[in-house]
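**Q** Going line by line, the protein sequences match chains Z and E. All residue numbers for the first sequence refer to our numbering, where the first residue is 1 and numbers rise by one. All residue numbers for the second sequence refer to our numbering, where the first residue is 1 and numbers rise by one.
Read the hints as simulated data drawn from the structure, not as lab findings. Note that beta-carbon positions come from the ideal geometry of N, C-alpha and C, so glycine has one too. Be careful, since some hints might not be right.
In silico contact screen, one side only, chain Z against chain E (beta carbon under 7 Å); selected entries [as the list claims (entries may be wrong)]:
(1) M32
(2) D35
(3) V84
(4) Y85
(5) D87
(6) S88
(7) S99
(8) V207
(9) A211
(10) I222
(11) T224
(12) S259
(13) A261
(14) G265
(15) F272
Distance condition first, Cα-Cα at most 30 Å in a straight line; then the derived DSS-like pairs of lysine-lysine [to be verified]:
(16) Z/K277 to Z/K228
(17) E/K94 to Z/K166
(18) E/K94 to Z/K82
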Amino acid sequence: MSASVEIQLIAILISVACALPGAFLVLRRMSMMTDSITHTILLGIVIGFFITHELNSPLLIVGAALMGVATVWLTEMLVRTKLVYEDSAIGIVFPMLFSVAIILITRFAASAHLDTDSVLLGELAFAPFDRMVAGGIDLGAKAIYTSGALLLLNAGLIFIFYKELKLSAFDQSLAAALGFTPAFLHYGLMTLVSMTAVGAFEAVGSVLVVAFMIGPPATAYILTDNLKSMLFLSAVFAAGGAVIGYQAAALTDVSIAGSMALTVGVLFTAVFVFSFKRGLIGTLIRRRRQRQKLADYTLLDHLCNHRNKPEEGVENAVATLPLHLCWNDEKLLSAAGRLQKEGSIKIVDGVMYVTNEGLRLHDEFFRL
Amino acid sequence: MDALWKILSDYTFQTVALGSALLGIISGVIGSFTVLRRQSLLGDGISHAALPGVAAAFLLTGSKNTEILLGGALLTGITTICLISVVTNYSRIKFDSALALTMSVFFGAGLVLLTYAQKIPNANQAGLSRFIYGQASTLLQRDVLLMAFCGAAMLTVVVLFWKEFKLCIFDPDFAKSIGFSVGRINMALSLLAALAIIIGLQTVGVVLMSAMLIAPAVAARQWTSRLWLMLVLAGIFGAASGVCGTLLSSAAAEIPTGPVIALCASGIAVFSLLFAPGRGILHRFYLRRKAQVNAAAERRNEV
Chain Z
1 MSASVEIQLI AILISVACAL PGAFLVLRRM SMMTDSITHT ILLGIVIGFF ITHELNSPLL
61 IVGAALMGVA TVWLTEMLVR TKLVYEDSAI GIVFPMLFSV AIILITRFAA SAHLDTDSVL
121 LGELAFAPFD RMVAGGIDLG AKAIYTSGAL LLLNAGLIFI FYKELKLSAF DQSLAAALGF
181 TPAFLHYGLM TLVSMTAVGA FEAVGSVLVV AFMIGPPATA YILTDNLKSM LFLSAVFAAG
241 GAVIGYQAAA LTDVSIAGSM ALTVGVLFTA VFVFSFKRGL IGTLIRRRRQ RQKLADYTLL
301 DHLCNHRNKP EEGVENAVAT LPLHLCWNDE KLLSAAGRLQ KEGSIKIVDG VMYVTNEGLR
361 LHDEFFRL
Chain E
1 MDALWKILSD YTFQTVALGS ALLGIISGVI GSFTVLRRQS LLGDGISHAA LPGVAAAFLL
61 TGSKNTEILL GGALLTGITT ICLISVVTNY SRIKFDSALA LTMSVFFGAG LVLLTYAQKI
121 PNANQAGLSR FIYGQASTLL QRDVLLMAFC GAAMLTVVVL FWKEFKLCIF DPDFAKSIGF
181 SVGRINMALS LLAALAIIIG LQTVGVVLMS AMLIAPAVAA RQWTSRLWLM LVLAGIFGAA
241 SGVCGTLLSS AAAEIPTGPV IALCASGIAV FSLLFAPGRG ILHRFYLRRK AQVNAAAERR
301 NEV
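Okay, chain E solo, but in the shape it has when bound (with noise of 0.2 Å):
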């Protein structure tokens, strides 16, 4: 109990779990938007098409200011949404594959970037690799207070614009039919996952930022049908995801944070999809028993 306290009081962990709970609500929220448009791989999509922004910014700017490369990656995973776009549009090539294809060229174009940075004299750039696997536990309270501040403005775009972004994600049809721009709308909701993706890539880097966009949504969609709870408990998952993950991986020693919040978060998920009332796995299962209960008693009752 004493070493439970001495972790939660230290400021190192505080700094930390509050970041990844930040991170946790923003990508649950914009997460879920992203699951139900059934484009949840964007995520992954993104992150790793963020490593050419990341060192082109590096290499542009010669700073390894934390706002800079993540502009640098934003960028990048902007221009990743478009071409993706443009491809699924102008030609026969599917969604799937137009992002698998623009994630490896974008990352191979990373590599290239990188290993040129390389041979710059005097150009340390060992700062860079923790983008792709994140490096949670060097969170400073400046990145925290930018993760909250860009949290906030996004949550609040999200309430501004709730009815467009619901519309257009069930009913996409109608919305056209009645004058809204669904490009436009669609585009806004692929630029807040660009968000938050890039916001998330220092706490659990590239890959398992898929996880925390995917992983909180879909355990928050098994409770619920309804849009606004939905959001919530998928925020309310996320952050509980990286306040444990924080704590679990301080208290044991040498594991990285990054995929301990990715598994809680996988794991609050599977439970979820285990024991969801009404819809989970188990609750299947005692409905088939009752049906075979029920059958037996009525085949009983015709003998």
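Chain Z extracted, bound-state conformation (with noise of 0.2 Å):
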């Protein structure tokens, strides 16, 4: 395979592994509490390189991951004093542990090569070189294993978790109810979430994780209401921007992981402006139909109110409507060209008057 190949690879996979955990941190409004971690698990890395002096260790794996878990009880313990909101809480905790990453690091680790810029930054390109050799056999990037791996373990417990997932995501304290235990779901996801973001650090480096676990399900969220769509989708969209990702960069010869990240956000802008339901465009569209059809509806009404009462001259002019209405002449004239046009009323001698239809819709609308 060619590194190319191989470099795609590893993305698709760390980028799937990392979407699918995320649709549920989305659904369940923690999505910062990713930044947080990928923040802390540096606080692992160095207490783990601290213990074992090597830098290749599964030790600072562990630790990275348990690091993660910790930030995530550390800031559920501080919310559970009712004397912060949820996000202060967050914000108070992680910069706490990565202010003590960062001295540790400074004071006593400068000479070893754990280099801040490489945890948070990452750099995929160079994943390529370091090899899985069994045998005597060379299987391919040491990156794609480990990837794979990764992903595996997401979606076989997403699988096997699916129905506690589903509804302690959306309804907790049924599923708190019936039974399903919220906390071991809870800090599960965390774990797992902790585990993906340890393990994709070395590829695309600790923010851009944010963007692979936030940005497809975001993506997926507008687009659908189902949750195995949104599974689903939010994997499509995290390999497609994986993919596009590097082509762009490999193109311009820029940061793979930046590039991946931007991609990422072009095609939640994408989504968002034009779908057609949910996006942008659909829901300007829709406002408008609703602030139309509410401006109509209250014409008619105030047309019906006084239809057949000797002031309906008065009242139901259109000289004196503006002004009974408290709206300007150009929405009077849009609203009763919409309604002469659908057939509720007519417009004789400068009076409005409402016909046999307009009266059927007008009951129908108020339910009379």
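Make one complex out of these two single chains by using the hints.
**A** Following this line, the structure appears as structure tokens:
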């Protein structure tokens, strides 16, 4: 396999592995916890390094994952005191831990290659250099296997605990009442997020883990109401972002990880703006239609209230209606135009009269 | 004692300490508003989103002049706020997801720009990374003057619009009903936050700006329920963190200033959470203990 194919494979595996648990985080409004965890795993790595004095030890990964869970636990503990809001709690815990990490690194481990740059930024381009060799055979880049394992783990656990995760994402109290231990699921999900972040940081760096965990699921969230579809679409957008991002980076010779994050952003923007049902354009159109309908029925109701009454000629006259409804002329004319076109009103000698059809529509709308 | 005096009279120390103190005051005051609006992580988001602003400013102007780079950062910060606003108002994506998404995408864009800058011949972009991690110890007098000027301007705005800000934070519906444009006032508050963050980037860097915006405000909240007092206390705590942080990191060898300042701020917050009278965690233990003693005494009386 050529290096570029390997890189793209790793990128796809990592991005999908991130997007799957990310979907649940988006639904539970815990997106910023990913940012928190991706910063504090640095402390876990540092502590692991101090214990083992070895950069490649698996203890570093374990330490990092544990630190992720510890971050969540500390944050939750702080929230439970009811003295701070959730977002403030996150914002107190992780900078504290991150500061400790930076101080420890600069003071005691400056000579080791524990580069904060590579933790936060990551470099996928170097992944193919680290090979997995078994029995003298080169099986490909090691990162393929680690990210593949991560993806299998995430997909597997989500598959096994699908019902529980689904319920606790949408109805925590019911989940607790039915006996699904919400704490277990919560910390379980967070452990998964930590491990994924650790597994991915080497490839794409901490901050871009956030992009892959939140971006594709948010994009999918706009498009669908179905959790399974959302998971599927998240995976598709994640993989797509990874591949397109890599190609763009290869073409323009820029940071691969940065390019992938940017692609995720572009995909989100495209879906956000152009999605018909829930996107920007769709929402603007829908809200305009709703405003028009409200205006139409307000006018119709006013006309019906004064219908066949002695004051009809004054109340329902085109000239006086703007005053009575507190509308400007433009609004009145466009509403009247729409009502006329659908046959609800007739304008005779500058007075608006409601037709039978208009009366029927009016009663139906107000359920009289 | 002698060593302490030597540090305190050192010119560099005084500059850095003053800058950090100013930063502490500004972030304490502005941070109080963001914490009360439950948008504390906006600081984190804007600081990450500042990277492409800095990189773009450098690429477009070729200058590493502080004001220009900070100006670029401010522009992307404002863009971030507007984008998050649009996304949350026109789709069902919530604030936290929009924030996380925007900040990581912008940061990625920043990386792309940085690596692009690397290819330009003679482009020495070494100074750009200090915006990520902050280099308080390299603060110059002109940087401190800029901070002082901006800080004074921001505090003036806070004083002038005190009533409006206070109302819109605690009762936006009532504010809207009496005719205030709540949207514009919220935008003004967010802009102040963006400005505060941009100013602080040089000192403590991207990640730790969150601590400076949140910790002093949270600490102050534990001691009072009155907004003006909370702002004053937050400013004092922030300034104290700045000065202590600078002092401690100067006293020991090879310790970066930014993280120590952030730790001091967090320390003050934790202390306040534990020991605040009437609210703190220790106070709760005391109340619980008192209740237990009273209950035991009552049982004895009944028997």
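**Q** Hint by hint, work out which the structure violates, then give me just those numbers in ascending order.
**A** 11
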